[in-house]
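Engineer: Keeping their order, the protein sequence lines are chains A and B. Using UniProt numbering, the first residue of the first sequence is number 1, and each one after it goes up by one. Using UniProt numbering, the first residue of the second sequence is number 1, and each one after it goes up by one.
Hints were generated in silico from the structure; no laboratory data involved. One or more of the hints may lead you astray.
[As the list claims (entries may be wrong)] Stretch-level coverage of chain B by chain A, calculated; a stretch enters the list once three of its residues show a Cβ under 8 Å from a Cβ in chain A:
# : segment
1 : 62-69
2 : 127-134
[As the list claims (entries may be wrong)] Within a straight-line C-alpha distance of at most 20 Å, the following computed EDC-like cross-link-like pairs (lysine to aspartate or glutamate) qualify:
#  : chain 1 : residue 1 : chain 2 : residue 2
3  : B       : Lys-126   : B       : Glu-98
4  : A       : Lys-282   : A       : Asp-702
5  : B       : Lys-59    : A       : Glu-329
6  : A       : Lys-367   : B       : Asp-48
7  : A       : Lys-342   : B       : Asp-48
8  : A       : Lys-367   : B       : Asp-14
9  : A       : Lys-922   : A       : Asp-896
10 : A       : Lys-981   : A       : Glu-884
11 : A       : Lys-342   : B       : Asp-85
12 : B       : Lys-59    : A       : Asp-1005
13 : A       : Lys-208   : A       : Asp-85
14 : B       : Lys-12    : B       : Asp-85
15 : A       : Lys-72    : A       : Asp-85
16 : B       : Lys-105   : B       : Asp-85
17 : A       : Lys-342   : B       : Asp-65
18 : A       : Lys-990   : A       : Asp-928
19 : A       : Lys-72    : A       : Glu-53
20 : A       : Lys-328   : B       : Asp-48
21 : A       : Lys-282   : A       : Glu-329
This one's a predicted model, so the numbers in the text were calculated from it and none came from an experiment. Here a beta-carbon is modelled for each residue, glycine too, at the ideal position from N, C-alpha and C.
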Amino acid sequence: MEPGVSIESGSAIRVAVLPVGGPIPPACLRDYAALVARHARVDLASLRPYYSEHQKSPFAHQPWDTGCLRLKFVLGGCMPSPWEDFQSARKVLAVVGICHLPSSPDLDRVAADFVDAARSYPSALANRCFAFCPTDAQLVEKKRDDIIMFPPSDQQSWELHMLTMIQDLSASLLMEFEKWVLRAESTGTILKTPLDSQSSLGSEEVIKAKKRRLGRAQKIIGDYCLLAGSPADANAHYATAIELARLTGDVFWHAGALEGSVCALVVDRMGESDPVLEDEVKFRYYTIIQLYRRATLQDNAQRVSPVSFELEAALKLARYLCRRQCAKEVSDLLMGAADGAKALIDASDRLILYIEIARLFGTLGYKRKAAFFSRQVAQLYLQQDNAYAAMSARQVLTTTTTAYHVQSRKTSKMDHGLLKSVVSLFESQWSTLQMVVLREILMSSIRAADPLSSWSAAARLLRSFYPLITPAGQSGLASSLANSADRLPSGTRCADPCLPFIRLHSFPLHPSQREIVKRSPHKKEWWTGGGPSGPFIYTPFTKGGTSGTSKQEVNWIVGEPVQVMVELANPCSFDLVVESIYLSVHSGNFDAFPVSVNLPPNTSKLVLLSGIPTQVGQVSIPGCIVHCFGVITEHLFKEVDFLLLGAAQGLVLSDPFRCCGSSKFKSVNFPSISVVPPLPLLVANVVGGDGSILLYEGEIRDVLITLTNAGTVPVEEANVALSGKNQDSVISIAHSTWKSALPIKPGGEVTFAVTLRAWHLSPTDLEADGSRSPANSRRIAREGSNPFLDIHYAGPSRNSESDNISLPPGRRLVVPLNICVVQGMRLVRARLLSMELPARFTDAHLRSASSKDNTSNDSDAMHNDISLLKIDPYKGSWDLRLLELELFNPTDVVFDVDVSVHLDGTSVELPEDKTASSACHKTRIDRDYSARVLIPLEHFKLPVLDTSFFVKENGSDEPLGSRAATLAEKNAKAELNASIKNLISKIKVKWHSGRNSSGELNIKDAIQAALQASIMDILLPDPLTFSFRHAKDGIAAKTDSSKEPGDDSSHSASESVLRCKDPISANEMTHMEVQIRNNTKETIQMNLSISCKDVAGENCFDENSATVLWAGVLSDIYLEVQPLQEVVHPFSIYFLVPGDYSLQAASVIIDATDVLRARAKAESPDEPILCRGSPFHIHVVGTA
Amino acid sequence: MASMACFVIMSKNDIPIYEAEVGSAPKREDQAYQHQFILHAALDVVQDLAWATNTMFLKSVDRFDDLVVSVYVTAGHTRFMLLHDSRSEDGIKSFFQEVHELYIKIFLNPLYLPGSRITSSHFDTKVRALARKYL
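If we strip away everything but chain A, and leave its shape as in the complex, we get (with noise of 0.2 Å):
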């Protein structure tokens, strides 16, 4: 079998071109070859100057005008074929020899080698020598007969020198074609086939030999009429051997002559599609295809088998009809012509044929099946055993590929912008067969020793194909991968990806450090406002669809490095080495620095490409350029997020991601950026480390920063602010040092000052600190607690050439204060201590209040001695309080506590802040120790009881009943609030810890819960005060009494007690007075009765007793006391014994206000309110 056969190809004139003399560099013998092979038609118009008619031409219809002679150039020649009687266009009828004369500078030597390459076609009836390129000395040599030369020259004329020659070639091949015809009907021929040659010759085949003898002869005549471009003459020999061979049953012949009827019938009509002539050809085709089939059933006995006519014609059909309105017949004639290939012996005749069927099916349109026959061609051709085959077999299974949708990026001709859809990306995905093709490929091209073919079908059949090839069968491919690059230079690149998996995973938009922030001229502050205001994260009323529609935009500075997270995942079983990856950037103003993974089995990972931008303008990055198994490919991100998304709706096998572990499918949307100029870039630096600040709660540091201008534009303008939580432990921030540092250089900085306190730990902190292991417990900075300083800044706003000026953004820096608040010391307890002591008329007292004039220097004096002891003035009675705290410290170092108390809010220290501080000087508490430290209160009581929101009280509501006195007491809360929080502001506990730790405790929590168990015993003054006081007459007492009560300072305690002048001696009558004070707003009604007591309890002004006379009321004395005013009492006593005594004052109180029942928290409406002052101490001094 012949390949490319067609009903036309019975009128070719078969010409070998064969290359003689020396060797040819391929690139010319292409050349040359092609210069040849393009005069396929020559015109027999064209033929006519070399023409010469020496007898008279028996083809007697030639077209001089219209018709030509068909050349068909065979490059290296051909075997002779034994079938060359029976269809003479299978005769090699010309030669022509091709040489390349610098390789071979002598011509004898090539017009020797030529004649002996002739010699081999004895058939050839006219013989050539084209020699291309003489030297100047070839040239001067004498002309030579044998040898055609081609100088030097430029294309074209080396084409027309050409065309002349194969005119002159083609005018004596027909001159021949003349003489073989008149001889071959003059004389005749013996015409055989190796059909006849194996048939045994007796008596009756000779004759009936003989007799076919003219009809073989009038067919072959025909044929040499076709060749001789004389379809016309062609026809009617045909005709006549048509009739002889059916005549004598020659069906072989009979076949034969038709086969060059229905050729001469197309050649005649050559360009016209006429669906008269289409049937007709059918119809006779299949006549010789059915005469061929009885030739070859007759001769079936035969070593030979005409078999390959049959399918020939077959073929020939089918490619006349090859049109998709035939689609159906062309196939049923190629699927009986493949059937056929059984029948072939010659594997060679085999592998034709399914070539043939191949590319005719391709031709109709039918891609898969022109696949599985070339897939048919690469068996065949791999069961030869060497490396040609090989290579041929690697050809052909290279174009099934896009059949079998696993072609080679290369050959797809992908270009970025124009994907397929998805679905039409996942059809025909019939992965068993993919494999098997490619598995092919791959054995082809290591048998034909093509290291890049055979790496990129492992490449392709490991990347697509993983999940179902054995742990077993993953190692081998990567071992081929290796081999493979081992032959291969280095650098080669490869279009098609191998592993690992490449996605985009997330793109750093920017560091928070680097965040560009967009100016507008008309805003002074243009930091303010950009972000998104308010709490929430979504506002309405920002612009919509800027995230949804159109793609986020980026801008990237020129020489500042940028970073995109990739991930890569390696879904196979073996370790896979990425020797370097880069980002691929074809814009090409992008320095992309190399990094090299190490990727386990079944693991993916995530790693950061960086670059440089390096000049302004858009960045595209499509994806990655991956150096893996030696060879450089480049992994396209929008590959992967297709095959995610196949993954996802269950048309791909499987996501390779997935089955690493990594999380689900995400699509990343690549942002369009942009690469702007420079801009300054500050860095800020924490002096003594960018570690978190290891502060203990209530802890005062300053913090130093730094800010250094990294980039290649100055500063000129900032500003620095707050954010984030926990804000008010920064204290102050030394805006004045930056400021002043302005502008700040390139490569300048300057370091401020932040005063941070450190906060105090909730809770829940604590709990959470507990819960970790005990070594690091109290290190852990909390994450999204710490304050930031957003710094803005912008460099110099360019000018340009017209007015407006172009603002270059603005940056903004954001330094996170990394506080770390660790526990420190705490305070486990407060409590409020009162002590009363009962007031003694002592001889210090007597002296002191002796005289009126000193008696401040005396209570100085006194205060000097008796530090803390204070009268509460208006119970009159020795009255200390403690505010106890009981402190604990927990952790590994040891605290100096100081505590101090800031009265009145006054710069000023009173006297008894020295002393209180000098009390509780420094107390040191070492590690896990606790201590109390005990802090002073004065002048911790209400002035009056009867304060403003008292008087609100009394006035409106008291009608309302028990109401009036709940909502009294509400305000009196919120009024004791206000004066307990007046209080603690004023104390501080204040701690050293080492050489540079030192802050405050906060401690206001603490004492207030401490403070409020006790408010109301011991903020609330007793609605009566009782007093006693030694009177000599009445007179002075009623001056005493008749004093402002408003203006109680500090000194009318202690002269408000102090009154006796003498001290009180036994048997002498001493006069007295019971001073009741009322600290309410309203007038009280009681009923006062006074008690003595002596050291043993008793009542000494019981009936019974003798210790003690009096003179006056003391019991249930009616009396009536003004609001804010007093009333005194007097009475006279005289002891009988001397010793301690003590005077108790006490009265029950007639028809009670609510306030006062709330007061003394009477729980019935009718219970007797009593009113009891503090005890005195006399005593009485005499001899008994």
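Given the structure of chain A, go ahead and fit chain B onto it with the hints provided.
Structural biologist: Chain B alone, transformed into the frame defined by chain A:
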């Protein structure tokens, strides 16, 4: 029963969603591939033929090496393709019709995504039983 047959259901996107080697002949790996290749190649013929007729059963549409491809096209253009060497057209037709019913049952499953692989083992068992019955 046919000595060897290969049954494949192709989705309308030309993706095989079910494959079964049915037949009494011992299985050979390379032949299984060859069968699938033949079926794949037959798709070209089916593509033309399916629109030229209004019957679902296209009979034998293609052949290679004594193996015949019979095709049944559902209304949704899902193709049942059977590669076989027996010639009992009636049996094949019945086989296809019964498989079509099974396929519709699969299709009615709300959890089945049309066009995805049929992984139901029940379906597989039933198809193989039908193959034993009719082929």
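Engineer: Taking the hints in turn, state whether each one holds.
Structural biologist: Each hint tested on the structure:
no., hint, in the structure
1, 62-69, "holds (count 4)"
2, 127-134, "violated (count 0)"
3, B:Lys-126 x B:Glu-98, "10 Å, holds"
4, A:Lys-282 x A:Asp-702, "103 Å, violated"
5, B:Lys-59 x A:Glu-329, "17 Å, holds"
6, A:Lys-367 x B:Asp-48, "13 Å, holds"
7, A:Lys-342 x B:Asp-48, "28 Å, violated"
8, A:Lys-367 x B:Asp-14, "14 Å, holds"
9, A:Lys-922 x A:Asp-896, "6 Å, holds"
10, A:Lys-981 x A:Glu-884, "17 Å, holds"
11, A:Lys-342 x B:Asp-85, "17 Å, holds"
12, B:Lys-59 x A:Asp-1005, "93 Å, violated"
13, A:Lys-208 x A:Asp-85, "18 Å, holds"
14, B:Lys-12 x B:Asp-85, "26 Å, violated"
15, A:Lys-72 x A:Asp-85, "18 Å, holds"
16, B:Lys-105 x B:Asp-85, "29 Å, violated"
17, A:Lys-342 x B:Asp-65, "8 Å, holds"
18, A:Lys-990 x A:Asp-928, "19 Å, holds"
19, A:Lys-72 x A:Glu-53, "25 Å, violated"
20, A:Lys-328 x B:Asp-48, "8 Å, holds"
21, A:Lys-282 x A:Glu-329, "10 Å, holds"
In summary, the structure is inconsistent with hints 2, 4, 7, 12, 14, 16, 19 from the numbered list given earlier, while agreeing with the others.
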